[in-house]
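**Student:** Below, each chain spelled out in residue letters.
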Amino acid sequence: MSQWIRAGLRTGIKTTAYPAAPETAPGVSPGLPVGGPHPRDEIAGLIARCPTGAISAGDAGAVVDARRCVHSYRCRRGVATPLEWAQGYEWAIRGPTDDPRRRLGPAFRRSAHVIVVDAGDCGACLNEVKQLAGPYYNMHRLGLFLTPTPRHADVLLVVGPVTDHMRVALLKTWEAMPTPKRVLAVGTCALSGGVFGPSFVAEGGVASVLPVDVEVPGQPPPPLAILHGLLTAVGRAPAGVGR
Amino acid sequence: MTSAELHARIAERWPGLVHCRTDAATSLCEVTASPGVLADLCGLLFLDWGLAFAGMIVEEGTTQWELRYVFHGDRRTGWVHVLVHGPVTEGTFPSIVRTVHAADWHEREAEDLFGLVFEGHPSLGDFVLHDDAWQEGVEPMRRAFSARTPMSERRPNTDWRPPRIVQAPGAFAMPIGPVFAGQHESVHFLLETVGEDVIHAIPRLFYKYRAVEKLAEQRPIDHVLPLAERFAATTAFAHALGFCHAVETIAGAEVPDRARLLRVFLAELERLRHHAGAIAAICESTALGVAASQASILEEELLRVSGALTGHRYLFGLAVPGGLATDLDDGGCRDALGRCRDTSARLDRLEHMLQTSSSFLDRLEEVGPITDRDAWVFGLVGPIARASALPRDLRVLQPYDAYEHLAVRVPSEREGDGYARLRVLFAEARESLRLMEQALAAVAAGAVAAPIRVRPGAALGWVEAPRGAAFHWVRLADDGVVARYRIVPPSFVNWHGFSLGVENFAFQDFPIILATLDLSVAENDR
Amino acid sequence: MSAFTAWLAAVGTLCGAGIVLGIALPARHAPRVIALLGMLAGLATLGLGAHALGGAPAATAIWTIPAVGDVVLHADALSALFLLVTGVVIFAVSIFIATSLPPILRTYSGHAFAGLYFGLVASVVWILVAGDVFSFFVAWEVMSIVSYLLVLFEHEQEENRRAGYLMLAMSEAGALAALLGLLLLAAHAGSQDFARMRAAAPTLDGDVRLAILLLTLFGFGVKAGLVPVNAWLPRAYTAAPAPFVPVLAGATLNLGLYGIFRVNADLVSPTSVLPGVVTLVVGTLSALLGILYATTDGDLKTLLAHSSIENAGIITAGFGAGLVFAAAGRPVLSSIAFLVALYHLVNHALFKTLLFVSAGAVEQRAGTRDLDRLGGLVRRMPWTALVTLVGVLSIAAMPPFNGFVSEWLTLQTLLRSAELTSVGVKVIFALCGAGLALTAALAVTCFAKVFAMGFLGMARSAEADEAREAHPSAIASMTLLGLLCVVLGMLPTYVIGLLDVAVAPIARASAAAALVPPFFAGSAGHDTLPSTFLGEFHDLGAQVGEGLAPGPGLVILHRGGAANPVVFAAAPTYLGLVLAALLLAVLGVVAGVLARRRAVVRRECWDGGIRRLLPEMTYTATGFANPVRVIFHAVFRPTIVEDTRTTVAEHFRTAIRRETVAAHIVDRLVVEPGRALTTGIAYQLARMHHGRLNAYVAYVLLSLVIVIAVFAWR
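Protein chains in written order, with our numbering: chain X, 460 to 702; chain E, 613 to 1138; chain F, 25 to 738.
Calculated directly from the structure, the hints in this document are not laboratory data.
Glycine included, each C-beta is placed from N, C-alpha and C at the ideal position.
Be aware that a few hints might be false.
One-sided excerpt, in silico: chain E residues whose CB lies under 8 angstroms from chain F [claimed, not checked]:
id, residue
1, Ala780
2, Pro781
3, Gly807
As a list, the in silico DMTMM-like pairs of lysine to aspartate or glutamate whose alpha-carbon atoms are at most 20 angstroms apart [unchecked claim]:
id, chain 1, residue 1, chain 2, residue 2
4, X, Lys640, F, Glu628
5, X, Lys640, X, Asp518
6, X, Lys473, E, Asp954
All chains, please: the whole structure from these sequences, using the hints.
**Tutor:** Structure representation (C-alpha cells):
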C-alpha cells in the first residue's frame, strides 16, 4: 500500500486554479462560436453548412444560437472567411424558466449535492462530468458533490435530449428531490435536442419536460464550462444573460 | 479458403436453392438463399467454417424485404453476405438463432422495429420499444412511419411485468436504475437473488434509444455524418470513420496516403484515451482511489492532447468521406506524440503497480468470467473477446486505411475474467502508441482529402473501434440521400454477452463486472 | 370450606358449566359460550392465584386412595404465580375465541371444542394445585390427551394428524420419564405427598439427585420444548387451530417449566453444581437452536413455535444458573436467578400469546401465514399492526417493554458467575452467556423480519392486498396483553416484589431485597442505606416518583460490597418515561414548528426511476434471513433438492430452479439415529417372530431352563 502513497505524493497537485484564476492550458476547451460582423455574401453559405441551423443572419452580421452548436466546425473549415469563435469556457446562461424566487439559498454556495441524470446522452457530456470529479478539476474542493440519490440532491444535472423512455425516470427524479432545487441542463442535446431531437423518441431538450434554471451549451461542454454552470447554479458565478 | 472456394462449396451443397455471386476484387461472396436453407447455411459459415458474424441488415424495399447476414473471415476468405428475400406484405422469416446464437439480438431488434416475425426464436417482444411505454404494433423503421412527428396516441401495456428466470422459494429481483450511480449511464438491471448471492442479472436496455438509423433516412450525407459521429461520442472518430469508409466504397474514392496515416494516428490516439478512461473506471469500481486518480489524470491529459491538436477533445468534425476535414500541423503531431509517449510510460508504471497490489487483484480475478467457447458462440468482439482467447481484430483481419502497411500486434489472454480484460486494455494501449509512432514516421506531405462523387449504391464500412468491431452499412439513393443506415456497434454485440458474466456473483462485485466489461449504453442504444 | 377451596370450586364449576353448556347447546352458540365462560374461568383462576399469593393456604387432603396415598390440594406462592399467568392467558384467549372459532366450526364440531377447551383449563389448574404425585399425574395425563385432541382438531389434514401423533408419543414418553423421576423421590421419601417428599429430600444421594434432574429435565422438558426433546413442538404448534395455539404457548408450555421448577428447586434443593450446569447448558442450546430456526423460517406460526423454544431455553438457563448458585452456597444470587427465570416466564406467556393471537388474526384476514406472501398489512390492519408491534418489540427485548427487563436481568445474572470459585463452572457460564447474547441478537433479526416483512412494505400477494382489519375481539385480546407487556416493562420493581413472594421461600433468600434498593423515603430499609450512596443516586434522580408511587423505589440495582457498590443497575420506568417524552417532543417539533413553515408533500418511495415498482422487486422474508442461513450453514446443512438450468437452444436461459430442503439439526443428530437404532433393534427382534411353532416351543423351553437354572443357583 505504501507504493500508492508514494505515487500520490510524487504526482503532486494537478488541480486547476479556476475559479480563482483562469485556466490557460491548451486543450481544455473546444471553443464556442460567437458570431459577429461577417461578409454578407458568405453568411448564406454559413447558414447552409451548419447541420443544426445554429447560424442566422442578423443586423450586425452572423448571429449564433450557441444552444444549437454541435461543434461540427463546418463554419470554420472549408470556408473563405471562418466564423468568429472564442476560446474560454464560461458559457453558462440563465434558462428559460429561471425564477429568482426558486434559488438555492446562501447555505448552498459552498456545499451542494448534484445528481446526474443521463436522459439519452451520447457519452461525451457524461465523460466530461466524470472528469470533474478527477484530480484536474476536483469539484469537491468547491463543495460540489455527486450523489446517487435524489433525496440528498440540490441540483439536478441533466444531459441528453430526454429520450421517451427516460421521461418518467427524469420526472420521478425531479419529484423526489426536496426543495430548494435547481435544474442544470448541460450540453447542446439537453438545450435544443442537438442532432437527435425533437423526434418521435426524443424531446428537443430538457426544457420541454422540466423547468430549466441554468443552461450550458457545447457538445460536449468542457469540464470547466460545466463547473461554471454548477457555480452559477449555486450562486457563486454570474451567468450570462441568455439569448 | 478463398472467396472462390467458398462460392463453389456453398453452391455445390445446396444446388438450386442458393445463388452465389462473387467479386474477387473486394473478396465479397454474395449468396442469395431460399428461406429454407438459411439457418443451415449460416450455421455452416459460423460454426463449421469459423467465420465471424458481423450482423444482420434489414432493408424494406418497395416490393420485398431484403435481409442481409454479413459474415467475414480474414483477407483471404473475405466477406460472405447471405441474402434472403420475402414479400413486403408478409415479413415472416426463419430464425437462425439455433445455429448462430450471435444473431439473437439482431432478430429481436428487427422484430421490434420492423415488425418481422422470426419463426423459431424463443423470446421476441419488449426489446427496443419498451412494452410498458409503447403499444404493440409500432414499427418505427418502416417507410411509412415518420420520424419527426411525435406519436399522438399511446396505449402502453400497464400490466407488463419483467421476465424472471430464477424460480426458487423466496426469490426476488432487486431493481437497479435507470438512475442509479453518480455518473453511470441509464440502464436498468434486475438482480435475481435469494438473499445473499445474486443468481442472475437481467439488463433492460434502450432507455437511451434515439432512433439514429431512422433519423438518418432521407437525409444527405453531410447531415448523417454528425449522427454517426455523435451517437457514441466517446468513440466518435472511429464511428465517423466507419461511415466514411462505407461512403468512400460507394463513391469509389481513393483516400490520399497522408489522410490514411493521419486517420490511423488519430484513431489510435482515441483508442489510447478511451483505454485510459476504461482503466480509470476499473480502478474506481474497486475503490482503489489513488490508482483511479492516476488513471483519471492520464485520461484528462490525453483529452487535452486531443483538444490541443485538433481543436476538439473528442475529435469531432475531423473525419469526412474522402479523408480529413482539415490538415494537421506536423509539429503539432510530434508534440502530441511526445506527450502520448510520456502518458504511455506512466500507464505502464501504473500497470506494474496494480499487478503488485494483491487486494486489487483479489477483486478482479475470477470475477465475471466468460469462457472462450461462450465468447465465440455469442460472437463477442473487442478487448473482452481478446481476454477470452478470441483475438479477432479488424485491423488485422480486414485492414483499412493504412493498417495493412503497419505491424499490428493483437494481445490475447485466456482466463476471460476481470483481470484478463484489464491486462488486454494495458497491452492495447501500449500497442496504440507504437502504431502512432509508426504512422507519424511514415507520413509525408500531401493532400488530406479526395473529392467524393456521390452516386447510388450500398456498401459496408467497418472499423475496429476501441470497444471492438463496428460495422456501418450505408445505402445511397439516386439523389444522394441516405436510404438506409444500419449500425452494428460493438457494445450491441457485447451487451448480448453480458449475461454470461453475471451468474452467481456476490452483489458487491456487480460494479466491478460492469466496469471490466466496458459496455457503452449509448453505443448500444443508438 | 376455606376461601381456597371456594375459589377452586368456582373454577371447577365454571369449567363444568362450560363443558355441559358447550355440549348441550347447538354448536353455533359454542363460540360465545366458550368466550363468556372462558373469560369467567380465567378471572376465577386469577382470583385463585391472587388468593394463594396473599397467604399460603394449608394443604388439604380431599381423598384417600388405598395403597396410593392421599390426594392433596395445595397452592403455594409458586403455584399462585403460575395460576395468575394462566388466568390472564385464558381470559385473553377466550375473548379471541369468540371470533376465531366460527370459521373452523364450519367443518368441525363445536361441542367437541367446548368440551376439550374447558377440560384443558380444568386440568391445567389441577396440575398447578396438585400436592401429590398421583393427582399431579392424572391431571398431567388428562392435560396431555386433551391437548393432543385439540392439536389435531382439524384432523382432516394429514400433516395435522401426524403432528398430533408425534406430540402424543413424545408427551407420553416425557410423562413417563418425569413420573420415574418423581417416583424415585417418592420411593426415597416413602410417600407420594409433596410435603413429605420435600422433607425427606435432604438425605438423597448425589447420584439419585442427578438422575432425578435428568429425568425431570428431559421429561418435563418435552412440554417445555427443550432440546433435544422438542421435535414435536414446531409441528404441533403449526398444526393446532388458531384459537387454541395461544393457550398451547401461553399456558401448557409453562407447565413443563413448572414441573422442572417444582421438582428441582422446591422439592429437591440442589447440593452439587452438576445438575445446574446441565440445566444451564441445555437451556442455552435450546435458546440458540430455537432462534436460529425461527430466524430462517417463513411460516409465521412455525417461526413463533421455534421462538417459544428459544424463550423456554432462556428461562431454563436462568433456572440452571439459580441451581448452580444455590449449590455453591449463594442463596441471594440463586434467588435472583430464579426470580429472573420466572420473570421471563411471565413475560413470555404474555407476549407469545399476543403474537399467536396476532398470527391467527392475520391468517384469518390475509388468508396466508407465509411471510413471503404477506406485506403491507400496516395500511390494511393498522390496529393489529400497532399491537403486534408492541409484542414484537417486547419479544425482541427492546426497552421499555417487558422482554428487555427479563433478558437484561438474565444476562446480568449469568455475569454473576464471577462470584463463584470453580474455574470450569465460570467458563461454562461465560460460554452460555455469550450464547444467550447471540440469541438476543438473532431474536432482534427474527422479529424485525416478522414485522417488516409481514406488515410493512408492499403486499406480496393478492390476498394480503385485500386484507381487512381484524375483528374487535381479537384486537381487544391483543390490546390487553400488550398493555400488560408495557406495564410489566415500565414497572419492573413491582413485578420483582410480586415474584419475590414466590421465589423467596424456595431459595431461602429474598431477591427483591437484593434487587430493589429502598430509595423512596419512608419505605422499609430506607435508613439502612449509606448516606453517600443515597446522595449520589438522589442526584441521578432515583427519588423521582416518591410519594406518588408506592413501594421501595423504581430503580433495579444490585449492590455488591464496598469495592463494587453497583454491580448492575437499570431504571426501565424512567427510561420509558424519557423515551415517551423524547418521542412526543420530536413529534411536537415536527408538527408544530417544521410543518407550519413548509408544505408537507407525500411522495413515492425512490426506486431508481423505473416506471412501476412491483412487489416481486422487494425483499422477501427468505432473502432477509438468508445471510443467517449462510453463516450458520453447519447447523442447517441444507441438501439441494433441485439446481437445474432449463435452456432453449443451449443458450437461451429460460429458468434456473433452485430448491433446498433441510432437516432440523435435532432430527439429524438425535431423532434419526434414535429412530434408526430402534427400528434396527425392532427388526432384529422381528426376525424372531417368524411364525414357526416349533421355534416358539423351543423359546419357552429355553426360558424355563434359564429360570430354573437361575433359581437353582440362588
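**Student:** Would you list, in rising numerical order, the hints stated earlier that this structure does not obey?
**Tutor:** Number 5 - this is the single hint that the structure violates.
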